[in-house]
Amino acid sequence: MLGRLFASRQYPYIPRRHERERVTIDLSGSRLAFSLPPNVCYDSFADSSQEPPQSVNIFDNSNYFDDSGYEEWEREGVARQILMRRNWQLFGPIWRDRPIGYISFVLSLIRHDALPQEMSCLNPQHFEQVIMRTLYYNGPCQPNHKVQQAPVNWQLYELDRATAIFFEKHEQHSPESLVECPFYNTHFSSFIFIPLDQRHYIYFVFNYLGYAPVEPCLKAMNSIRDSVCDSIELQLGADAKTQLSNAQQRWPGARASSKRDIERWVYPEWRRGGKFEGEIIITKPGSPPPAWQA
Numbered sequence: 596m597l598g599r600l601f602a603s604r605q606y607p608y609i610p611r612r613h614e615r616e617r618v619t620i621d622l623s624g625s626r627l628a629f630s631l632p633p634n635v636c637y638d639s640f641a642d643s644s645q646e647p648p649q650s651v652n653i654f655d656n657s658n659y660f661d662d663s664g665y666e667e668w669e670r671e672g673v674a675r676q677i678l679m680r681r682n683w684q685l686f687g688p689i690w691r692d693r694p695i696g697y698i699s700f701v702l703s704l705i706r707h708d709a710l711p712q713e714m715s716c717l718n719p720q721h722f723e724q725v726i727m728r729t730l731y732y733n734g735p736c737q738p739n740h741k742v743q744q745a746p747v748n749w750q751l752y753e754l755d756r757a758t759a760i761f762f763e764k765h766e767q768h769s770p771e772s773l774v775e776c777p778f779y780n781t782h783f784s785s786f787i788f789i790p791l792d793q794r795h796y797i798y799f800v801f802n803y804l805g806y807a808p809v810e811p812c813l814k815a816m817n818s819i820r821d822s823v824c825d826s827i828e829l830q831l832g833a834d835a836k837t838q839l840s841n842a843q844q845r846w847p848g849a850r851a852s853s854k855r856d857i858e859r860w861v862y863p864e865w866r867r868g869g870k871f872e873g874e875i876i877i878t879k880p881g882s883p884p885p886a887w888q889a
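In my numbering, the protein residues as written are 596 to 889.
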């Protein structure tokens, strides 16, 4: 309670921040484990937490939701399921009851149906393309959302000899708007993508909604994110290890980029659809999706 008593914007209070729950999930023979703080939600009616499953059959297609119902130009060709959710909140001075910042955490499982047969998520060069297409379909293919700056702070990790990739995605704001609303600099997302086999992978996402001043806000939020990412352990199952060995023999020396600059995609021009039209009508196309390079 002393932490709450002396909390400020410079030194925000995060309830139960030093407690850690060890989560272990069996993903069809592969074992994923990581540690994270308990869920915290100021408003119980807004609590969107979801407890993690102990095991998941990644090959049970009945649990996935695909994008086949989207317009063709919006269709990435993936199916996904959410495995768990958590929320963490930052509090300022004790006289302010409501939180001053929020972190939402989601762990998702993806089945990539559109990945060409001759490619594999266990090939780091191919997995990098999977990620860049995901960024495209969540960027220019969603022009009704804000323009995104991504990838930012691109980093590679090795988990049981498989290449995992971390990066951030920021919203693009003008210098003038950042002067007026500096908290925009604390409104972004962090991801870590981890391959499981040829066309299945998981990703962790941390969504920030922070406050100004930016530096202490990000320091506090990043401390939670980094503690979770640093705790991740992956033990691939027997089948996945065989696929990984085959991929490394087939594509010896394949590597993902050690760093990447922000993609300069051109966003399409669009309008709202009318009666008997789609929700979004593209009036001038933007950049095409990245082409697969096997």
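Heads up, a few of these hints could be off.
[As the list claims (entries may be wrong)] Taking CB as the label site, the calculated pair distances span:
1. 613 with 689: 41 to 49 Å
2. 807 with 850: 34 to 42 Å
3. 844 with 772: 19 to 27 Å
4. 613 with 747: 22 to 30 Å
5. 711 with 689: 52 to 60 Å
6. 814 with 672: 17 to 25 Å
7. 882 with 703: 22 to 30 Å
8. 807 with 837: 21 to 29 Å
[Unchecked claim] Each computed DSSO-like pair below joins lysine-lysine, with the alpha-carbon atoms no more than 27 Å apart:
9. 879 with 741
10. 870 with 814
11. 879 with 764
12. 741 with 814
13. 870 with 764
14. 836 with 764
15. 741 with 854
16. 870 with 741
17. 741 with 764
Honestly, the hints are just simulated from the structure, not real lab data.
Every residue, glycine too, gets a C-beta built ideally from N, C-alpha and C.
How the hints compare with the structure:
1. 613 with 689: 41 to 49 Å: 19 Å, violated
2. 807 with 850: 34 to 42 Å: 39 Å, holds
3. 844 with 772: 19 to 27 Å: With Cβ atoms ~51 Å apart, the hint is violated.
4. 613 with 747: 22 to 30 Å: Taking Cβ atoms as reference, residue 613 and residue 747 lie about 28 Å apart, which means the hint holds.
5. 711 with 689: 52 to 60 Å: Check passed, 57 Å falls within 52 to 60 Å.
6. 814 with 672: 17 to 25 Å: Cβ of residue 814 to Cβ of residue 672: about 39 Å, so the range 17 to 25 Å is violated.
7. 882 with 703: 22 to 30 Å: 25 Å, holds
8. 807 with 837: 21 to 29 Å: Violated: the Cβ-Cβ distance is about 51 Å, outside 21 to 29 Å.
9. 879 with 741: Measuring from Cα to Cα gives roughly 17 Å; hence the hint holds.
10. 870 with 814: 48 Å, violated
11. 879 with 764: The given pair, whose Cα atoms are some 25 Å apart, holds under the 27 Å limit.
12. 741 with 814: Status holds; Cα separation ~25 Å.
13. 870 with 764: 34 Å, violated
14. 836 with 764: 31 Å, violated
15. 741 with 854: 24 Å, holds
16. 870 with 741: Holds - the C-alpha atoms of residue 741 and residue 870 are around 25 Å apart, at most 27 Å.
17. 741 with 764: 11 Å, holds
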